[in-house]
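Trainee: Here the protein sequences come in this chain order: A and B.
Going by the numbering used here, the first residue of the first sequence is number 1, and it counts up by one from there.
Going by the numbering used here, the first residue of the second sequence is number 1, and it counts up by one from there.
Far from chain A, by Cβ distances over 12 Å, these chain B residues were calculated:
| # | residue |
| --- | --- |
| 1 | Lys14 |
| 2 | Gln146 |
| 3 | Ser174 |
| 4 | Val181 |
| 5 | Ser183 |
| 6 | Arg280 |
| 7 | Gly282 |
Pair by pair, the computed Cβ-Cβ distance ranges are:
| # | chain 1 | residue 1 | chain 2 | residue 2 | range |
| --- | --- | --- | --- | --- | --- |
| 8 | B | Thr184 | A | Leu22 | 55 to 63 Å |
| 9 | A | Arg31 | B | Ser247 | 15 to 23 Å |
| 10 | A | Arg31 | B | Val181 | 33 to 41 Å |
If you are wondering where the hints come from, they were derived from the structure by calculation, not from laboratory data.
We put the CB at the ideal spot given by N, CA and C, even for glycine.
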Amino acid sequence: MTWVTPSAGLLLGAIVIPLLLLMYFLRLRRRPLRISSTMLWERAVEDLHANTPFQRLRPSTLLLLQLIALIFVVLALMQPQIEGGSPREGTHIILIDRSGSMAAVDGDGITRLAIAKEKASDLVNQIYGGGLFSSTSGETMVIAFSGHAEVVAPFTDSKQQLLHAIESIQPTHGKSSIGEPLKLARAYTTNVDPEQDGISSSEFAQLELFSDGLIDDIQDQALQGGETLQYHMIGSPLDKNIGISTIDAKRSDESSDDVQVFLSLVNTNSQDETVEIELQIDGVPVGVQEVQIPKQSDGLAGTSSLVFVPFSMPQSGVIKARLLLEDSLAIDNQASLIIPPAKELKVLVAEEGAQIVRTVLQGMPLADLKIVTSSKLKTMIESGESSAYDIVVIRNIHLDTLPRGKYLIFGEPPPIAPFDTFADGEAQVMLVADENHPVMRFVRYEDIVVTKGYDVVLQNTVETLLEGSNWPAVMTSRVDGIQLVYVAFDPINSNWPYLRSFPFFIFNVVQFLGHAGDQLTASTMEIGQTITENIRVDGKASLVEPDGETHTILVDKSGNVSWGPVRLSGVHTISSDKHSDSLFAINSPPQESLIASTEQISIGAKEVVTSTSSGLSFIQLWPWALGAVLVVLIAEWWVYQKKVSTPLRLSWTQGGSERKGIR
Amino acid sequence: MSNFGETIHDRPSKVDELLGSHLMSSLDSLDIVARKIFSGKTQGERKSRRRGSSVEFADYRQYTSGDDLRFIDWNVYARLDRLFMKIFLEEEELTLGIAVDASASMEFGNPNKFDFARRLAMALGYVALSSHNKVSLFGFNSDGVQRLTGLRGRRRTRDMGQWLLDLLPSGGTSFVDACKVISTSRQGRGVLVVLSDCLEEDGITQGLSYLVGGGWDVFVIQSLAPEEVSPLDAGLEGDLRLEDSESGAECEITATAPLVAKYKQRLEQYCESIREQCIRIGAGSVRVSTDVDMEQLLVEYLRGRGLLR
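One chain only, chain B, in its complex shape (with noise of 0.2 Å):
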């Protein structure tokens, strides 16, 4: 067997593998953005639609009996003598939903595409809990769905990274099953950010409707490996029997020049397609090489892309 795209860097195994101190002083100054204003259960540091006791004034209404006395505007009576509430928007804790593809397709590349996909979800999530928001944590592939939910405040971080750490590549994507489940879940609304390669024969179309269906600001992180992006550049060549990680199947080829060409125009149009699908269906997607530097993305490029803030 080749060691074309095997991982041949450490693999972390501590928490602080997955985010550095370094790193980790660079996300102190950044917040999850959501695009949309959802309601929270919890009073926290966002919008609600929800009207409720907030500092940001919404609208006025005639007062009822049972009202609190609290938000009656006394100006208004003065001016008016009706008894009118004032009604603030209720700010609501977010929850940054973080969808890890787990699947096998994910063990692959130098820097290894798993690894990537957990220092990327380790990051936005402190980035979440630093911001008072809970972060909601699922690890997808064709096993089902594992999850780590409610996690609030900082303190819970190393929860996050072992929860990370624990979780193992293995099996096939089932892309569409993961997102039916994780969009019924409920575990609070808020931004779903997927972590995956996307590399989904049916496309990704129908799990991401699912998620956008299910009340989620997705935001889609495909992630791939140096080898599968400049194959000759990594090192392909020769006459290979291509196995898929996944379902196993065998693809023969002659790395050529010409083959490669062929190959690198099939991963634009795929890749084209799926951002097309993203904007079809309402949600954000970018599309990174695991090679990237991880504060780069993170503060200058996800800032950017309206993710961060």
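Here chain A stands alone, though its shape is the one from the complex (with noise of 0.2 Å):
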């Protein structure tokens, strides 16, 4: 225990003590009064018996408590205090981490930033508690970083302000960069004369930085002259975790209904893990894989790739894997990712003879639609312009060449090897059709009738979509990066253009082959950057953290709506009265999921170690004193009622047969 103004308490008891003493040894200045005899007042008061100004010192409960509440009062002026170092002066800056990392929770389940948050409000209270009677400190300035640094306390010597500054910072899952934290203090700190042509001068302060220590670019800082940085770590060098580093996810070549999803993990324990990784879209869980993780080896964490298998989701929605087990850090326990509706597509059409194929086309929601005449088209072909397309339409052009790209081929047969072996087909009905195919979905193929075609030779890369009475009408195959959709006789030389079947057949080639292989990879956004999206509505727009917490967000003339830094990973939503909800999936960035806190930190050529002293912190023993004052002025208080207020009247006359005033 320590007392931070002992010489105050010391004075005060020398002079209030002995003054308390000297007032029961003074008698007490009475009226004097006379009466006809004294005996027997004599005999029935106690405190007659002292003749000299001072009286003998008896035992009194009322002066025991009194000397007990003065010298409280004396051990509350002294100011004690324990467990505490010696105060700290000058100029602090507090920095304080909060990226994803320090979102991992020690045994006891608290935070690493709840802990961060306790050391440096008990480090404000080392600066600032050293009570009514010390020497002022300095100022101090608190700031919350993780990807972007937030000055939550500017410099100020207000502890209460400093302490519900550190109490207000708020937990990111980002990752944590501290370049932008020092330039903050830097500016803070640095003061610009103009007097003296601009010369600046900088006002030396002590960093005190509360962090695992997992900080990306600290090696690429440096601290620059005067400045001072104690490194309080937070965690342990040897805590554990697995997590999902990265999540990707594309539409399957085969079909573009179907999504692949990818995954990354990543395991920091000793050994090697197997966990169990649970597959949602929109909350509803498909699937279940489990995965062995190897552990980590060289300071290396161990990683494996998962892939799921294929699953149909034709249309947009949320992807969510989640890790099957509870760990230091829940936070890379779970990516998501959102699969965008499928996009519009650019379409270069180019056919000779009637115009049935561009007819059709023309009635579809594309991007881009240009039509072309063939000579165009090979030109295109030639100068590589037709690659900005997603699919190339032609009918019945004889080609020399077909560079990579999607095409659907009527009449002539492609200029590829499946399809260099072909004759004059007959006429034919159509008999049989992969109905399972997207292609074919939807398509009447038995009211087909061709007169003529091409017979080609089927080769192993190529697959029957739909097969004639005599040669095969509709093909698909891939080689060489040509993806391709192949119907082996023109549309004019049957009655195909007259069905209802023709339209849904064309509009299920260009979905096939405009959206397969996707790549439906997450939004590149970052913790820390601003969401930003056009609504196409006025008014105002909420926008719901993963947390649930719903922030309000005004909507601009154009209907931009903007909302940022985000801070947690997972799914934002915007959405508003008049228009659909907007997702986002953000995810905790993937150096964030290795959270062994580390002891030594080096910061340019300098390397600091954790402080010894960080869990320093002054508890203050006044109040207590002060409280032990009042219960023993309430227990004086007793005492003294107890001692001269007995209601107790005795009557002169007592007894009813005798008179009043004789007896």
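Fit the two chains together into the complex; they arrive one by one in their own frames, and the hints show the way.
Mentor: Printed below as a string of structure tokens:
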């Protein structure tokens, strides 16, 4: 136990306690009164035996209680405190890491950020805990940082403001970067003197870093002259974690309705781990897979990849992968991905003769429909311009080469290997189709009659989608980066253009070729960035964070909304009354999954070891002493009341048989 | 100096103020009662142990020469032919002694204790003089015993009153010394009424023993002021340094209910001890407050206690 102001307490005690005792020694100044005889009073009164200016000090409960109360007052004035170091002086900048790794919990279920805030508060108490009579410490600033820095308390010497600011720091799931907070701190500590030609002067500050040491850019930084860094390590170097580091998805090459999800997992434990991963679509579990992740070795975390079996997801939605386990860091145990709706396609079409195909394509929602002649098509193919289009539709045009791309070809066989052997085909009707294939979905082929076509000799790389009575009518193939659907007859030589199944077929092919193999990678948005979206309506919208917190956001005249910086990983939803919800999936940075704290950090060339005094703080005991004073005073009052206020009155006239005043 | 206990009423300066005419008329029918039978030097209205001429027959004895022939019972001579003398209880006068405590402690209270004692002495003396008894007055304090003896007849009432008016309280009590003097003065045996507050450090037993041994039929009237009986009701309050009016001794108190309760307890114990002492030595006693009505005290209470009839 230490005493902040022992001299003040001792001085008070030296003055007041002797005064109290003197008051008990001294006789009370009394009013003289002459009475007939003091004989009976002398026998009744307790405090009558002193004839000197000082009476003998007799045991007195009141005196004892008053002495105790006075001693407690003296103790309170001496401001006792336990567990503390010497008061710190000077300017302080408290840097609190609130990155994703600081969301890791220790054995008691307390997050590292909470521990960091508690220790930072202790430091503030230590700096400004000197009590009423201590010397004033310098000012302190509080900066919270993850990917970005925020000044939560500018320089102040208000202990309450600092404590409140520290308490208000919210966690983020972003990465940790110390460059920006250092810039902020220096900006606040640098004064430019315009009278000296703009020469700046810096006030040296003590940087107090509360972090687990997992800071991306710390080695790129350096302390400037006069700056000192005190590193308070939060967490343990032995902390382990398993998490999802990346998530990706794409539409299946075989079927644009099918989506494949790819996961990358990380393990920092010292042994191999087998974990189960659940996959959800729009909150509904669609599958669970087990994967073994190798242990950490040579300081490198073990990693493992996982590919989920493709599942049907023709529309947009939210995919969420979730590790079915509980470990220190929860934020990387799940990852989300927004599957966007199929993109609008750009189609290049060239046909000879009647405008059969282009008429159908003009009725479809396409981003671009380019209609060219056969010569133009050949020119575009040669120049490579055709690759700018998602699909190239060719009808009855002979080509010499076919570059990589996606094609729907009618009539003339494509100039690639699987189709280089063919003969003229006779008239025929359609017999059988692969109705499970997306291209043939809802296509009624029974009524189609073809007068002539191309009888292609099938090879292994060709899949027949519609078989005629004499030769295959519709085929698909993927070779050498070319994906195509080939219709082995010109529709003008059939009744198909007059059937309802024809536009269905064109639509299916465009969708199939257009979206097959689409990369459904999550947006590249990171924590700390701003979400922007055009919702095309006026008024207000709201944004719901993954933890359920809702923010109202304004929509500008153009219908744009923005909100940021994003602080949590997970699905963010922007919704308004007039617009369907817009979803944004943001995942925690993969480096935040590595949660083993570092005892030593290197900032520039300087190595800083975690402070051993980081846990020290003062516990002030003077409030307890004052409380004890109150208790003792209450007891003293009670004793006094009991002593002087006994309502006892004896009547001179007692007994009914006796007359008043006569015995 | 506080005015607690200080006498604020008018002090008697005339004999008439000691004994008013109304009280006087009430006392005319009263007489002093002696619980013992005494012998007096002059024939009075009391029976005496000495047989003599009286109306109340006591005994017979044989005639011897020189006896008064008037007291020969001739009827007996007629029957027995022998001379017998009739012996009668001789009626002697009664001496009422009134000893008034004239110490400084009596100069206290409302009503004043000394004034109360003087008025009571005056009343008792008047009763005695009216009944053809002899009255002796004693005033005692540490300076000695003042006396006025041999008062006979109602006409001496004024002398008695003036003597009482001239008596001034001062000094200590010296009760034992005073009793010793009174008991040896032999001013005539009879009833001795002691009027005092009896606040004696050493008690009054020894002094009363002297008086009883001297032949007095002692009756102690202890008078206390209301301030002494109920200090809080009389206005005692605050932190006080009490000064004894006789010894000058000081006593520091804080007038609180518990302290006053303890004082009352002590007073009760002391007064009870005085009563027990009186009973032990055959003396009568009564304790009165000075605010008691004088007529009621005399006519009702002292008559009931057998001092008056």
